[in-house]
Amino acid sequence: MLALMAMSALGFAGFGALVSTVPLWAARGGADEIGGGLVNAVMMAATVAVQTTVPAALRRFGWTPTLLAGVVLLGAPSLILITTDALPAILALSAVRGAGFAVITVCGSSAVARLVEPARRGRAIGLYGLSLSAPQIVLVPTSVWIADHVGFWVVFAVGAAPLLATIPAFLLARRLDRAAQAPTAVSPTSEHAPRASARLWVALIAPSVVLLTITAPGGALLTFAAQFPGVGGYAVAGLFALTACAAVARWLIGGLADRFGHLPFQPPLLLLGAAGLALCVWAMYGAGGAALVSGMAITGIAYGSLQNVTLIESFAVAGHRHRDTASAVWNIGFDCGTGIGALVVGFIAAQSSFGVALSTTSALCIVVAVIVLVRVIVARRRRDPEQRRE
0 MLALMAMSAL GFAGFGALVS TVPLWAARGG ADEIGGGLVN AVMMAATVAV
50 QTTVPAALRR FGWTPTLLAG VVLLGAPSLI LITTDALPAI LALSAVRGAG
100 FAVITVCGSS AVARLVEPAR RGRAIGLYGL SLSAPQIVLV PTSVWIADHV
150 GFWVVFAVGA APLLATIPAF LLARRLDRAA QAPTAVSPTS EHAPRASARL
200 WVALIAPSVV LLTITAPGGA LLTFAAQFPG VGGYAVAGLF ALTACAAVAR
250 WLIGGLADRF GHLPFQPPLL LLGAAGLALC VWAMYGAGGA ALVSGMAITG
300 IAYGSLQNVT LIESFAVAGH RHRDTASAVW NIGFDCGTGI GALVVGFIAA
350 QSSFGVALST TSALCIVVAV IVLVRVIVAR RRRDPEQRRE
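If you read the sequence shown in numbering that gives the first Met the number 0, its first letter stands for residue 0, the second for the next number, and so on.
If you're looking for bench data, these hints aren't it; they were derived computationally from the structure.
A few of these clues could be false.
Here are the simulated distance ranges between beta carbons [unchecked claim]:
| hint | residue 1 | residue 2 | range |
| --- | --- | --- | --- |
| 1 | Pro-64 | Phe-259 | 37 to 45 Å |
| 2 | Pro-117 | Ile-339 | 29 to 37 Å |
| 3 | Arg-258 | Gly-318 | 15 to 23 Å |
| 4 | Ala-289 | Pro-117 | 40 to 48 Å |
| 5 | Ala-118 | Phe-346 | 39 to 47 Å |
| 6 | Ala-88 | Ala-156 | 27 to 35 Å |
| 7 | Ser-352 | Thr-141 | 44 to 52 Å |
| 8 | Met-0 | Ala-68 | 30 to 38 Å |
Glycine included, each C-beta is placed from N, C-alpha and C at the ideal position.
Throw the hints in and build the complete structure from the sequences for me.
Following this line, the structure appears as structure tokens:
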């Protein structure tokens, strides 16, 4: 786990340092708002596209070449960015970074499932989430300030941090490759591993829907908080509250999920997210900045916790043979939810207001919470007769 956490921290440090500063760098080079928006859009599109291929790459090439390629693709473009602020070059380099980010995200969560047995997987996912969230909590709010007051070259140097992850990535990959080659191992990296069935894809829909439901408003808050009306300068504090609470909640929920199961936590967490979003809406209609910070903190708790429990469920339904597929589907759901949330909320806000847009996402959380609650009740009714027969 130490090698995984070190690799993840360095990889996400590079991601967090550049997520806000590269669009600004493009603007300094003459790009308009659309061009600046394309920077991260191209990166996330490349991420989602490549995430679909990572399980096949692990089967074909193994962990070592796949993971090393990922950290190099994520980190090396940052060293080239300082040489050009031309938008076409920035978009091309962003696509390369997206490919590397895809490998890091899918391999990282899949590695947790290999390194830790199911009984302790919730805690392990929490620690993994903390290792990738901590650098973002620091770098996302400060990277733009550093670029403006010190220089973009400092931020781009930090953006190359994934290159330092080659050592922990190699140690982690070598261990996982050895485990896959063990005579008693049944590994999805084997060329003879069974392909994911239609039943598996259907089973992975449920956690993906829950994940999309909370990451959509999460992505919207990350994108538009600074544009909310009536909140003054509280947006930065709200973003810090969202990311910090999400990181801590994702860590703490793991032990509880190991003890009580992942499914019972999903309905109350969705309702908690709905309440936090409603508080954010109230902030825009007179409650002010303090309500926004509180609402984003509450939403962050649901946002982080549901990331953990949905990943646990994905691994549980996939089994050990299809951990790579479960990891890829979960990461695609996370990234798509983040992007779709920003897109849909922006569209609704353009037609009406941010208050209406966030209210829509809050209502969606309530609807999905009811659906998941029905799943919980049905699962318990099926389990009770089996326990009585035993």
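Structure-based check of all given hints:
1. Between Pro-64 and Phe-259 the Cβ separation comes to about 40 Å, which falls inside the hinted range of 37 to 45 Å.
2. Between Pro-117 and Ile-339, the C-beta spacing of about 31 Å keeps the proposed range 29 to 37 Å intact.
3. At roughly 22 Å, the beta-carbon separation of Arg-258 and Gly-318 lies within the given 15 to 23 Å, and the hint holds.
4. The given range of 40 to 48 Å is respected by Ala-289 and Pro-117, whose C-beta atoms sit roughly 42 Å from each other.
5. At roughly 44 Å, the beta-carbon separation of Ala-118 and Phe-346 lies within the given 39 to 47 Å, and the hint holds.
6. Against the hinted window of 27 to 35 Å, the Cβ-Cβ separation of Ala-88 and Ala-156 comes to about 19 Å, which falls outside the hint.
7. The supplied range of 44 to 52 Å is broken by Ser-352 and Thr-141, whose beta-carbon atoms lie about 31 Å from each other.
8. Between Met-0 and Ala-68 the Cβ separation comes to about 22 Å, which falls outside the hinted range of 30 to 38 Å.
Checked against the numbered hints given earlier, this structure breaks hints 6, 7 and 8; the rest are met.
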